[in-house]
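These protein sequence lines map, in sequence, to chains A and B.
So for the first sequence, my numbering puts the first residue at 492; every next one is plus one.
So for the second sequence, my numbering puts the first residue at 492; every next one is plus one.
Bear in mind the hints are in silico, worked out from the structure with no lab data behind them.
Don't take each hint at face value.
All copies of an identical chain are treated as equivalent in the list; a pair is satisfied when it fits inside any one copy or across any two copies.
[What the hints assert, rightly or not] Straight-line C-alpha distance at most 25 Å; calculated DMTMM-like pairs for lysine to aspartate or glutamate:
| hint | residue 1 | residue 2 |
| --- | --- | --- |
| 1 | K654 | D569 |
| 2 | K654 | D833 |
| 3 | K533 | D809 |
| 4 | K533 | D499 |
| 5 | K533 | E727 |
| 6 | K543 | E508 |
| 7 | K533 | D812 |
| 8 | K777 | D840 |
| 9 | K497 | D840 |
| 10 | K497 | E550 |
This structure is a prediction, so every number in the text was calculated from the model and none was measured.
There are 2 protein chains.
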Amino acid sequence: MTSPLKNDRFLRALRHEPVDRTPVWLMRQAGRYLPEYRATRKAAGSFLGMAKNPDIACEVTLQPLRRFDLDAAILFSDILTIPDAMGLGLYFVEGEGPKFERTVRSAADAERLGVPDMETELRYVMDAVRVIRRELGGSVPLIGFSGSPWTLACYMVEGGGSKDFARIKAMALNDPATLHRLLAVNTDAVIAYLAAQRAAGAQALQVFDTWGGVLSPAMYREFSLPYLQRIAHELERGDGAQRTPLILFGKGNAAYLSELADSGAEGVGVDWLVELGEAARRTQGKVALQGNLDPATLYGSADAIRHEVRRALDSYRDGNDGSREGHVFNLGHGMSPDMNPDHVAVLVDEVHGYSAR
Amino acid sequence: MTSPLKNDRFLRALRHEPVDRTPVWLMRQAGRYLPEYRATRKAAGSFLGMAKNPDIACEVTLQPLRRFDLDAAILFSDILTIPDAMGLGLYFVEGEGPKFERTVRSAADAERLGVPDMETELRYVMDAVRVIRRELGGSVPLIGFSGSPWTLACYMVEGGGSKDFARIKAMALNDPATLHRLLAVNTDAVIAYLAAQRAAGAQALQVFDTWGGVLSPAMYREFSLPYLQRIAHELERGDGAQRTPLILFGKGNAAYLSELADSGAEGVGVDWLVELGEAARRTQGKVALQGNLDPATLYGSADAIRHEVRRALDSYRDGNDGSREGHVFNLGHGMSPDMNPDHVAVLVDEVHGYSAR
């Protein structure tokens with residue numbers, strides 16, 4: 492059923508093996524900045540309609556790979572599929588981001604939550620993984636993903652996006668037991684979800700801890716980090732060269748890089764608020780690093796983009812004992828709808844060209 | 492004209508002198524969370540109408556001091572008065588934050604900008620300082636303030652708030668000379684503005700670098716830090732015990748604390764993303780530290796607030812060789828309209844009570 496992998500740079504980098512050039516993919520590489528994505532979305536009607544239809548999810552996953560020489564595909568889906576499958580009722584309001592019909596505010600709310608059944612309640616995700624894996628035909632590896640337990644909890648408690656995370660922080664202060672109950676069931680669900688994506692064909696797995704960086708160090712170490720560590724420990728993902736690598740991405744995680752490097756994950760994704768060389772020094776080769784150009788770099792000219800790409804590549808190498816091994820190039824956060832596809836081509840070209848020298 | 496200062500804890504802490512208890516004030520302590528503020532605002536009609544009327548600005552500055560045992564007052568004003576006086580046309584849209592009628596997007600736009608005359612174009616600010624200073628009657632010191640050159644530039648280029656700072660980051664990448672021209676005139680204006688507030692009676696000065704933390708380390712060190720350093724060096728503010736202290740507050744400045752400590756400023760304000768003890772270790776007593784409770788702590792119960800206050804006070808002491816000297820207690824960012832005034836009373840009481848032991 493599955494073809495041998497033609498381009499394994501991404502997986503080799505995650506194993507700290509030599510590569511002919513630094514692999515690159517971009518968070519939210521399938522998205523509204525592509526005219527073909529906008530056309531597909533218009534036809535599909537809605538974001539969730541796309542994510543819940545495996546053929547459409549496959550189509551938009553493949554769109555950026557037809558344009559750019561990217562070294563990995565990432566499943567087109569949403570980070571909030573798990574709480575949706577738990578019954579909270581995910582919906583989107585144009586221009587406002589994701590919302591939930593029902594929130595988790597009390598111990599009783601948290602007690603009602605259970606781990607969804609992956610092959611029924613989240614079957615559309617596993618079907619999308621299977622279709623994409625087949626359609627990729629071994630060209631590049633497919634990344635599956637999930638939101639982190641803390642990040643899922645943020646949306647589940649707040650009921651949507653938030654500027655100050657007042658409700659979940661109040662819960663952390665006033666009723667930490669309920670929050671831990673919520674985080675525990677989220678963690679069980681994330682582990683089952685990632686394992687199911689792996690079984691369906693995902694060749695690497697990423698956890699997005701988008702909102703870990705809004706926490707004080709004490710709160711991060713109580714409410715986000717331990718659950719990331721549990722995922723890294725408990726997620727069964729094979730051994731040796733057959734091991735499916737796990738990447739822990741976190742916005743604002745620079746202060747916790749040494750702890751994340753000791754978590755057992757194969758890779759850590761970092762945002763642009765830390766020099767990559769400094770991140771490499773803090774993680775001491777225990778994990779591969781993924782990142783970390785400021786996405787706004789794509790608003791720069793071609794010359795500026797090439798300059799910033801070279802700086803990031805060299806920074807990593809300088810902090811990694813002169814070696815480019817163990818680096819997956821990426822942005823420090825997702826792409827935006829108003830970005831120019833031509834600039835993505837420049838970025839990918841420069842990553843490959845400069846790192847091959 | 493001016494009365495002797497009855498409570499000088501705040502100024503003593505900024506000089507690293509012994510205090511009977513740790514001084515405390517709160518960013519945005521005069522604000523919508525107070526019913527009396529909302530009543531004044533309703534009568535005045537608008538935020539800018541309040542800020543531009545010295546008697547009203549004085550009234551709202553004093554409101555929190557009537558309720559709480561705060562150790563400093565801060566001028567009621569906006570961080571964007573300077574670009575408004577430069578002719579950009581500041582206005583507010585309810586629920587959307589500040590906006591400018593005219594933006595700075597080109598070299599020609601930047602060339603047109605000049606330092607406003609402080610006693611004519613910004614006279615309303617200086618008048619407010621004079622009125623507040625008189626009305627305080629020496630009860631507590633008055634803090635004057637300004638936005639940082641980078642933070643002002645963000646609003647001037649974007650034309651308002653921003654999620655991704657795409658326009659100013661594009662300028663940084665594509666036309667850094669224009670951005671440096673803009674930052675230079677902003678810096679000249681900030682220095683003149685703070686000097687004028689000092690001359691009008693402000694007894695301490697704070698620069699708010701609200702958006703420095705959105706920059707990569709290389710960009711922060713090119714576009715924000717050098718201008719903060721120039722303010723600290725060039726702002727004439729007296730000598731010895733008569734010196735008017737300068738506090739550099741920055742969201743997301745944890746990675747730059749040793750550079751900020753060497754800037755020549757008397758104090759550095761930090762957000763909640765770093766342990767205060769760690770901040771103290773990084774600054775080695777070269778500056779006083781101000782902060783750093785997560786404002787969301789005020790959504791917690793009284794017990795939770797007292798616990799977090801004690802943790803912050805002890806963290807500072809542990810990182811400062813066992814001494815509480817050189818600490819000004821504050822939040823890590825401003826207060827929000829939905830906060831409970833009773834919780835502020837708990838916070839202030841606990842800071843004073845616990846630190847006096």
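Hints versus structure:
Both within a single protomer and between protomers do K654 and D569 lie at most 25 Å apart by alpha-carbon distance, with minima of 20 Å and 20 Å respectively. Proximity of K654 to D833 under the C-alpha cut-off of 25 Å is restricted to the inter-copy arrangement: shortest distance 23 Å between copies versus 32 Å within a copy. Neither within a single protomer nor between protomers do K533 and D809 lie at most 25 Å apart by alpha-carbon distance, with minima of 46 Å and 58 Å respectively. Neither within a single protomer nor between protomers do K533 and D499 lie at most 25 Å apart by alpha-carbon distance, with minima of 34 Å and 64 Å respectively.
Taking CA atoms no more than 25 Å apart as the test, K533 paired with E727 passes in neither setting, with 39 Å inside one copy and 60 Å between copies. In the homo-oligomer, the alpha carbons of K543 and E508 never lie at most 25 Å apart, since the shortest distance is 36 Å inside one protomer and 63 Å across protomers. For a Cα distance limit of 25 Å, the shortest separation of K533 from D812 qualifies neither inside one copy, at 49 Å, nor across copies, at 62 Å. In this homomeric assembly, K777 and D840 never come within 25 Å of each other (Cα to Cα): the closest approach is 28 Å inside a single copy and 46 Å across copies.
When the C-alpha separation of K497 and D840 is checked against a cutoff of 25 Å, the pair qualifies only within one copy, where the shortest distance is 19 Å, while the shortest distance between copies is 66 Å. In this assembly of identical chains, the alpha carbons of K497 and E550 lie at most 25 Å apart only when taken from the same copy (20 Å versus 71 Å across copies).
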